[in-house]
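Student: So that you can map any letter, position 118 of the sequence shown is 118 in UniProt numbering, and since no number is skipped, the others follow by simple counting.
Hints should not be assumed to be uniformly reliable.
Stated by the list, open to error - For each label pair, taking beta carbons as the anchor points, the in silico distance ranges come out as:
hint	residue 1	residue 2	range
1	GLU60	THR17	19 to 25 Å
2	LEU102	SER19	26 to 32 Å
3	CYS2	GLY24	44 to 50 Å
4	CYS2	ASP37	18 to 24 Å
5	SER101	ALA14	19 to 25 Å
Source of the hints: derived by calculation from the structure; they are not laboratory data.
Where a beta carbon is used, it is the ideal one built from N, C-alpha and C, also for glycine.
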Amino acid sequence: MCEVFISADPESYASRTRSVRLHGVVTSIRLENLYWDVLTEIGERDGMAVVALIEKLYDELVAARGEVGNFASFLRVSALRYMALQAHDRIPMDNAVPIRSLDPRAVLHALPSHWALPPPAASGTVVALRRKG
């Protein structure tokens, strides 16, 4: 089993820091090279450089949640989610198909519960969130 993982090129798990400008503020993001490669692939599918993709993800995250939290972790999860959605035939392996052309409802339909936010509660309803151990 371990050979599948330990045979990875050490360069893929070496970290690299990139400086990006998010609305005029320069910030540094440190990720492993494999994550940078996956984020680059995602951006290229929609004709964006990786920095433009990161800016778009940042803006949409702020718009949806009002805050960012640990943005580097969010980018890692985004890369893993992309690959998992490809593995589950939700996102085509054909990189010529832009992500923006996909129907998000179809991509996200019936995902395992731990892959998505819980559905919004009805007005006045209290929702208890469970944490997976």
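Student: Failing hints, ascending?
Tutor: 5
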